[in-house]
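*Asks:* Sequence:
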Amino acid sequence: MARSTINRRDFGKLLGVGALASASPMVLARAAQAVEDIEITGYPAAGSVTALDGFDDAMKVFMRDHGIPNGTLAVTRGRKLLLARGYTQSALTSFVAQPDTLFRTASVSKPITATAVLRLIQDGHLAFGDLMHEVLGAHVSDARAKQITVLHLLQHLAGWDRDLVREAVFRDIEISSRYADPLPVGKANVQRFGFEGYTLQHNPGAGYHYSNFGYFVLGQIIEKVSGKPYAQYVQEKVFTPLGITRTRPGMSLQRAAGEVDEYHTTDTSPPVFPNLPDPVPDPYGGWNVENCNALGGWISSPVDLVRFAGIYDPPTDPAQQVLNATSIQNAFARPSVASSTATSWYGCGWRVQKVSAGLNTYHHGSKRGTWAALIRRADGVTFSALFNRNEAGVDYYGLDSLLHLAANNTTWPTFYDLYDIYY
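Each residue of the sequence shown is one higher than the one before, starting from 3 at the first, in this note's numbering.
Misleading hints may appear alongside valid ones.
Simulated crosslink set (EDC-like; lysine to aspartate or glutamate; CA at most 16 Å straight-line) [as the list claims (entries may be wrong)]:
(1) Lys226 <-> Glu136
(2) Lys189 <-> Glu169
(3) Lys148 <-> Glu198
(4) Lys226 <-> Asp132
(5) Lys82 <-> Glu393
(6) Lys82 <-> Asp315
(7) Lys148 <-> Asp125
(8) Lys82 <-> Asp422
(9) Lys82 <-> Asp381
(10) Lys148 <-> Asp165
(11) Lys239 <-> Glu225
(12) Lys189 <-> Glu225
(13) Lys189 <-> Glu292
(14) Lys189 <-> Glu176
(15) Lys356 <-> Asp381
(16) Lys239 <-> Asp125
(17) Lys82 <-> Glu292
These aren't lab readings, by the way, just hints derived from the structure by calculation. Please read these numbers as outputs of a predicted model, since none were measured by experiment.
Full structure from sequences and hints, please.
*Replies:* Below, the structure written as structure tokens:
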């Protein structure tokens, strides 16, 4: 795609287009307190399009209230990228975030994995009703696990319940001991432990129970069916058609080129890698990011994530179409366990909320040191935000209401598209 230049004069034309029409006085007052020590980078230049100021206010308030050093935000409307900014609380860090700085996405990785599975199904290589153990050629100790289907895994209906039993993907030390597998343990033994080490907590299909292990298994299925490494298949079938090249699997102990400098938390864990002190800061050896790519291990920028979310909008360029209309409908379909009057449910990799205009679809990601959000609104607005602080026991979901408030009170500029800068 040809890149166009959006200059200062063009943005100047938008001055006065319409400031935030009716933001909360409390939000604005708190944002004013935060403005002096939060540096904003990216496009359009802060303050040059006053109609978008509400998004800056939301980010400033959230970062100030939660002591977050770095954050990033991207906003699209009608497939146009209208805002791409980095935010830095200079009192807490010297690292300056840019709109395309890479952050861990935690469970925002799940829509990515689900999209890859939907593509395999769309291409006829897999079916929703295929049985997990047959696809993988795996032994399961609980006979009920032979009933688990691909759809069960996508919709968190397989029967594993993390509220009752700690998930296999986070039991590396126990797996290492049981199978004499030196740390870091391999994915094969994580799968083996999950299939043989304990029984299901519920019958498959009986109810919704969020399962990271279920999405780990989907990653294994992608590799088995495609014959390619998980990340390679995702890159080829999901990201490449969109021109996304910087999003990649994260690493436990190394920082990728372009990645934020640090993930902040006071929480510690026993190390799941050798030759580390005990305990370690949870983001740095407290869990195996490489084993968890399919459930929570991707690193990305909000610019790439809103671009990815456009897969689920009506296509404008056939070359960029990853999923067809049927696949998209299946992604958001009401699961069998949801009542006919339900207004919210978990589809295939997306949480779904019925609203008057249609369906809002979204996912959050939470891991110590990381908070992520990707939200598609029924009115055609999509936003993604990524941050590098997360502490146990702290509620970060208030960000959503701040961003929705900004979106609801924005007079949207229409003449530019920042995607031309990034792709």
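*Asks:* Decide, hint by hint, whether the structure agrees.
*Replies:* Structure-based check of all given hints:
no. : hint              : in the structure
1   : Lys226 <-> Glu136 : holds, 11 Å
2   : Lys189 <-> Glu169 : holds, 14 Å
3   : Lys148 <-> Glu198 : holds, 12 Å
4   : Lys226 <-> Asp132 : holds, 13 Å
5   : Lys82 <-> Glu393  : violated, 34 Å
6   : Lys82 <-> Asp315  : holds, 12 Å
7   : Lys148 <-> Asp125 : violated, 25 Å
8   : Lys82 <-> Asp422  : holds, 9 Å
9   : Lys82 <-> Asp381  : holds, 13 Å
10  : Lys148 <-> Asp165 : violated, 22 Å
11  : Lys239 <-> Glu225 : holds, 13 Å
12  : Lys189 <-> Glu225 : holds, 12 Å
13  : Lys189 <-> Glu292 : holds, 9 Å
14  : Lys189 <-> Glu176 : holds, 14 Å
15  : Lys356 <-> Asp381 : holds, 12 Å
16  : Lys239 <-> Asp125 : holds, 11 Å
17  : Lys82 <-> Glu292  : violated, 33 Å
Violation of the numbered hints given earlier is confined to hints 5, 7, 10 and 17; the remaining hints are satisfied by the structure.
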